[in-house]
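Participant: The residues making up each chain are set out below.
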Amino acid sequence: MAHTGAQASAHGAHDIKAHVRTYFMIFGALLVLTVVTVAVSYLHLPHTEAVIVALIIATLKASLVAMFFMHLKGERRMIYWALYLTAAFFVLLFALPLWTEGDHIVGTTPNRWSAGMEAPKTPEHSPAPH
Amino acid sequence: MDIPYTIETRPDTGLTNPKLGIWLFLASEVMLFGSLFSAYVLLRSGAESWPVQSTILNIPLATLNTIILISSSVTMVLSWAALKMNDFPGFRKYMGLTFLLALGFLVVKGFEYNSKFEHGLFPSTNNFIGIYFVLTGLHGLHVIGGMIVNGYLWGPGARMWKTEPEKFTNRVEVAGLYWHFVDLVWIFLFPILYLL
Amino acid sequence: MEHVSTVGHKAPHAHAHAHAEPGFLWKYVFSVDHKVIGIQYTVTSLLFLFFGFSLMMVMRWQLAYPGQPIPLIGQWLGVANAPGGIMLPEFYNQLGAMHGTIMVFLGVVPLAVGGFGNYVMPLQIGAPDMAFPRLNMASYWLYFAGGVVMLASFLAPGGAANSGWTSYTPLSDIATTGQTMWLGGMLCLILSSLLGSVNFITTIVQLRAPGLTWFRLPFFVWAQFITAFLLLLAFPALQAAAFLQAADRLLGTSFFLPSGLVVSGQPLHVAGGGNPLLWQHLFWFLAHPEVYVLILPAMGIVAEILANNTRKPLWGYKLMVGSAVFLGFMSFLVWAHHMFLTGMGTSISAFFQTTTMIISIPSVVILSALFLSLYGGSIRYNTPMLFALAFLPMFGIGGLTGLPLGLASADIPLHDTYYVIGHFHYVVAPGTIFALLGGIYYWYPKATGRMMNETLGKIHFIGSFICINLVFMPMFVQGLAGVNRRLYDGGMQYAHAKDVLYLNEWMSFGAWGLGFFQLFFIVNFFLSLKAGRRAEANPWNATTLDFAATSSPPIAHGNFATVPHVYRDPYEYSVPGASVDFIPQNAERA
Numbered sequence: 001m002a003h004t005g006a007q008a009s010a011h012g013a014h015d016i017k018a019h020v021r022t023y024f025m026i027f028g029a030l031l032v033l034t035v036v037t038v039a040v041s042y043l044h045l046p047h048t049e050a051v052i053v054a055l056i057i058a059t060l061k062a063s064l065v066a067m068f069f070m071h072l073k074g075e076r077r078m079i080y081w082a083l084y085l086t087a088a089f090f091v092l093l094f095a096l097p098l099w100t101e102g103d104h105i106v107g108t109t110p111n112r113w114s115a116g117m118e119a120p121k122t123p124e125h126s127p128a129p130h
Numbered sequence: 001m002d003i004p005y006t007i008e009t010r011p012d013t014g015l016t017n018p019k020l021g022i023w024l025f026l027a028s029e030v031m032l033f034g035s036l037f038s039a040y041v042l043l044r045s046g047a048e049s050w051p052v053q054s055t056i057l058n059i060p061l062a063t064l065n066t067i068i069l070i071s072s073s074v075t076m077v078l079s080w081a082a083l084k085m086n087d088f089p090g091f092r093k094y095m096g097l098t099f100l101l102a103l104g105f106l107v108v109k110g111f112e113y114n115s116k117f118e119h120g121l122f123p124s125t126n127n128f129i130g131i132y133f134v135l136t137g138l139h140g141l142h143v144i145g146g147m148i149v150n151g152y153l154w155g156p157g158a159r160m161w162k163t164e165p166e167k168f169t170n171r172v173e174v175a176g177l178y179w180h181f182v183d184l185v186w187i188f189l190f191p192i193l194y195l196l
Numbered sequence: 001m002e003h004v005s006t007v008g009h010k011a012p013h014a015h016a017h018a019h020a021e022p023g024f025l026w027k028y029v030f031s032v033d034h035k036v037i038g039i040q041y042t043v044t045s046l047l048f049l050f051f052g053f054s055l056m057m058v059m060r061w062q063l064a065y066p067g068q069p070i071p072l073i074g075q076w077l078g079v080a081n082a083p084g085g086i087m088l089p090e091f092y093n094q095l096g097a098m099h100g101t102i103m104v105f106l107g108v109v110p111l112a113v114g115g116f117g118n119y120v121m122p123l124q125i126g127a128p129d130m131a132f133p134r135l136n137m138a139s140y141w142l143y144f145a146g147g148v149v150m151l152a153s154f155l156a157p158g159g160a161a162n163s164g165w166t167s168y169t170p171l172s173d174i175a176t177t178g179q180t181m182w183l184g185g186m187l188c189l190i191l192s193s194l195l196g197s198v199n200f201i202t203t204i205v206q207l208r209a210p211g212l213t214w215f216r217l218p219f220f221v222w223a224q225f226i227t228a229f230l231l232l233l234a235f236p237a238l239q240a241a242a243f244l245q246a247a248d249r250l251l252g253t254s255f256f257l258p259s260g261l262v263v264s265g266q267p268l269h270v271a272g273g274g275n276p277l278l279w280q281h282l283f284w285f286l287a288h289p290e291v292y293v294l295i296l297p298a299m300g301i302v303a304e305i306l307a308n309n310t311r312k313p314l315w316g317y318k319l320m321v322g323s324a325v326f327l328g329f330m331s332f333l334v335w336a337h338h339m340f341l342t343g344m345g346t347s348i349s350a351f352f353q354t355t356t357m358i359i360s361i362p363s364v365v366i367l368s369a370l371f372l373s374l375y376g377g378s379i380r381y382n383t384p385m386l387f388a389l390a391f392l393p394m395f396g397i398g399g400l401t402g403l404p405l406g407l408a409s410a411d412i413p414l415h416d417t418y419y420v421i422g423h424f425h426y427v428v429a430p431g432t433i434f435a436l437l438g439g440i441y442y443w444y445p446k447a448t449g450r451m452m453n454e455t456l457g458k459i460h461f462i463g464s465f466i467c468i469n470l471v472f473m474p475m476f477v478q479g480l481a482g483v484n485r486r487l488y489d490g491g492m493q494y495a496h497a498k499d500v501l502y503l504n505e506w507m508s509f510g511a512w513g514l515g516f517f518q519l520f521f522i523v524n525f526f527l528s529l530k531a532g533r534r535a536e537a538n539p540w541n542a543t544t545l546d547f548a549a550t551s552s553p554p555i556a557h558g559n560f561a562t563v564p565h566v567y568r569d570p571y572e573y574s575v576p577g578a579s580v581d582f583i584p585q586n587a588e589r590a
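Heads up: the protein sequence lines correspond to chains C, S and A, in order. Number 130 marks the last residue of the first sequence (my numbering); no jumps. Number 196 marks the last residue of the second sequence (my numbering); no jumps. Number 590 marks the last residue of the third sequence (my numbering); no jumps.
Take these hints with a grain of salt, some might be off.
Not the full set, but computed from the structure, chain A residues with beta-carbon under 10 Å of chain C [as the list claims (entries may be wrong)]: (1) Val205; (2) Phe229; (3) Phe285; (4) Thr342; (5) Leu392; (6) Phe465.
Calculated cross-link-like contacts (lysine to any residue; reagent style SDA-like; alpha-carbon spacing at most 20 Å) [as the list claims (entries may be wrong)]: (7) Lys167/S to Leu135/A; (8) Lys17/C to Asn86/S; (9) Lys17/C to Asn170/S; (10) Lys116/S to Ala271/A; (11) Lys116/S to Ala561/A; (12) Lys73/C to Asp12/S; (13) Lys73/C to Asn170/S; (14) Lys73/C to Tyr178/S; (15) Lys27/A to Ile3/S; (16) Lys167/S to His71/C; (17) Lys17/C to Lys93/S; (18) Lys73/C to Gly14/S; (19) Lys109/S to Val38/C; (20) Lys93/S to Tyr23/C; (21) Lys93/S to Val20/C; (22) Lys93/S to Phe27/C; (23) Lys17/C to Ser71/S; (24) Lys109/S to Leu251/A; (25) Lys17/C to Asp12/S; (26) Lys116/S to Leu250/A.
Over the 12 Å line for every Cβ pair with chain C, so calculated as not near, a few chain S residues [claimed, not checked]: (27) Phe111; (28) Asn114; (29) Ser124; (30) His139; (31) Asp183.
None of these hints come from the bench; they were simulated from the model. Each residue gets a CB set at the ideal place from its N, CA and C atoms; glycine is no exception.
All chains should be modelled from the sequences, with the hints used to inform the complete structure.
Facilitator: Now the structure itself:
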């Protein structure tokens, strides 16, 4: 199975050069988005808005890395399915504990022991949007 | 004994074994860091009080680290691209850069941690500092792991380029996928811990 | 156990380069051959199973005769554990926590997945080995290391972990025992499992023999495939939790420690603000899919044995596959049914109760399909078949008794009672473990080239069946009477328990009897290696590819003389018009 290093055909090498240009463009985009996300934080938006904006920018950056650096764009179906499944369980791992902790029986809360401490009168509400 | 589809792709799935394997491993890593992020959200939402994160952590240093890591992702993918273009010296250059950038990331992290300790901020101080150290610590361990793999591929592992160049290129690609994931985690860690 | 193939190497890659025969260490100890690794997993996990079982046998003395000195071994347990041979409550808790941990994580799963999965699955898909043989070897040795750490924890100051196999916080955070070693051991085991899952999934996707499409896969392979996904995506949650608990114990963090916690009259000097339920969420996010990891490979084994010994195809193969996939997916959605009594509100309780009821459906479908597979069969009552047949009603009892536990309101009186212990043991012990034992009898000839003795096997079966029901059936009675679990004296101090306490003695005799009957298995296992009737490649006249490989396939030389090509479905038994009552999957013509 001895291949020489020239297994990339001339056509393939040309493809790669185009990819290299893309990599630098994505690099630029990522730098810009980094600056944006830091700048937005100095605006001191209200908490919920700040979270949403930060996560949107982070997701955008992550998508660029995944799609282009990790070659997810145009990857095989098997990989996509594994990732969809993972994404579904990831969401559940977030959503269900939060829902559970937000839906406590009135007067109970796990973060404070009862001895000598007052439990809040209303159930805890998580800051995440429902 | 040769295992089929280690280098050539299997026709119906279009994948090589290592490509599928690393994505599956990354899926489990998504669940690992996801669990820790979920823990962070639960702890913060249930806490009586939570410090203003940006006053405790050093945003400029972390921004620098973000740029360092993103750059290392670019150099990593360029090192693979170099191999695809049969440019071994180019691979050496970019992989070496990736390693150095990663080292730089750890050095900055070291300064950060040290400054926390000097101000009397330890994991036991409160849950925010605790989860900060656990999340960035585990991420740091993953950086070190990546550096070991990348260092091996730059050094002794590069011998494979002469005997099995295609297999070596695939190895670099797989190592790259892991490395980009490490970058991805930081892309989320940075705003969540430092900016919000 | 090594057997050089006499047919000669025609597999294309077999002689790509001349290689010297590997030395003893590389061939049998640090082997990368899936068959050797499968046998290593099998032997190691059987040892752990017997050790974990022995812990329980000691516990059952205390339950039958609380406060009485333990005979024979009492004197050797040490003053810290059992002064005067009388078990201390702390020691009882150690035995309990370690029994659970060892049985689940060091015994059953390594046997079901590491043992059977590793040995049988590549053979059944016609592969030369796993996709990543060296990773496979690493998985085994990580498991071994985790096991050593777990066993060593008995020697830690304060003894082994004693906060339950579930290690609930805040107790486990502050326990002055080998709990940290428990966490370290778990981290080794989890890593072993994750690497193994990557290997299993990649192997099944990529290394199926030509012609082996997805719906021609034996059900056993589907079961292993789904199980691997469960392990891959659920274990990281416990990994994260273990890191957090280790931080609490070692770095003084308070992830699981609420504010204002008072221990032995002294307030705990920690920052506080943590959430003990966070541990439960992360733990059960793993541990619920884990129970499907415990049952799916067993269902796979039973399916293979049943099809083979009824001489007819499985009823509803596609339905079974679909149900197993659905079961795997749903298993991630039900975990908080273990937490109904933690102060959960009504809407979230309703959610988890609903998903739990839904998940019972695919289980019932699979069990029903297995039952229906018997109808019209030409049944052979050999030892593997006896275990597989017993699995059906035993798993049925286990599953049905789970239903009241899955309903939030019915769970209120039953949670944390012996009813729960009865429920899950029925599923795992006369359920999964019976299936695994049947699997050993079934695949032993393939691995060793010899048959196990039928008489000893049948005695093993009958004795185990009777004793195991004697141990676990009374637990439902005790649980319904309100006897709590994890009570070191079996409920002696509670008035509401007094009418059912007499059952403790019966259950203990059942347990000791069960231990006795395993001797027949152990003797059989070793004796047959040397004196068992020699077995040819396909002693059961099976259709699946594992029995197309030679008897005791050679180590490190590939499994098949030529790469098999698959032409048929997995269970072509008693095909009308065929000359024999089975057609192997790789047979082109009947």
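Participant: Now tell me if each hint is right for this structure.
Facilitator: Status of the hints after comparison with the structure:
no. : hint                 : verdict
1   : Val205               : holds, 6 Å
2   : Phe229               : holds, 7 Å
3   : Phe285               : holds, 6 Å
4   : Thr342               : holds, 8 Å
5   : Leu392               : violated, 31 Å
6   : Phe465               : violated, 38 Å
7   : Lys167/S to Leu135/A : holds, 17 Å
8   : Lys17/C to Asn86/S   : holds, 12 Å
9   : Lys17/C to Asn170/S  : holds, 18 Å
10  : Lys116/S to Ala271/A : holds, 17 Å
11  : Lys116/S to Ala561/A : violated, 64 Å
12  : Lys73/C to Asp12/S   : holds, 19 Å
13  : Lys73/C to Asn170/S  : holds, 18 Å
14  : Lys73/C to Tyr178/S  : holds, 17 Å
15  : Lys27/A to Ile3/S    : holds, 18 Å
16  : Lys167/S to His71/C  : holds, 18 Å
17  : Lys17/C to Lys93/S   : holds, 17 Å
18  : Lys73/C to Gly14/S   : holds, 14 Å
19  : Lys109/S to Val38/C  : holds, 18 Å
20  : Lys93/S to Tyr23/C   : holds, 17 Å
21  : Lys93/S to Val20/C   : holds, 15 Å
22  : Lys93/S to Phe27/C   : holds, 18 Å
23  : Lys17/C to Ser71/S   : holds, 19 Å
24  : Lys109/S to Leu251/A : holds, 19 Å
25  : Lys17/C to Asp12/S   : violated, 28 Å
26  : Lys116/S to Leu250/A : holds, 18 Å
27  : Phe111               : holds, 19 Å
28  : Asn114               : holds, 23 Å
29  : Ser124               : holds, 17 Å
30  : His139               : holds, 14 Å
31  : Asp183               : violated, 6 Å
Hints 5, 6, 11, 25, 31, counting from the list given before, are not met by this structure.
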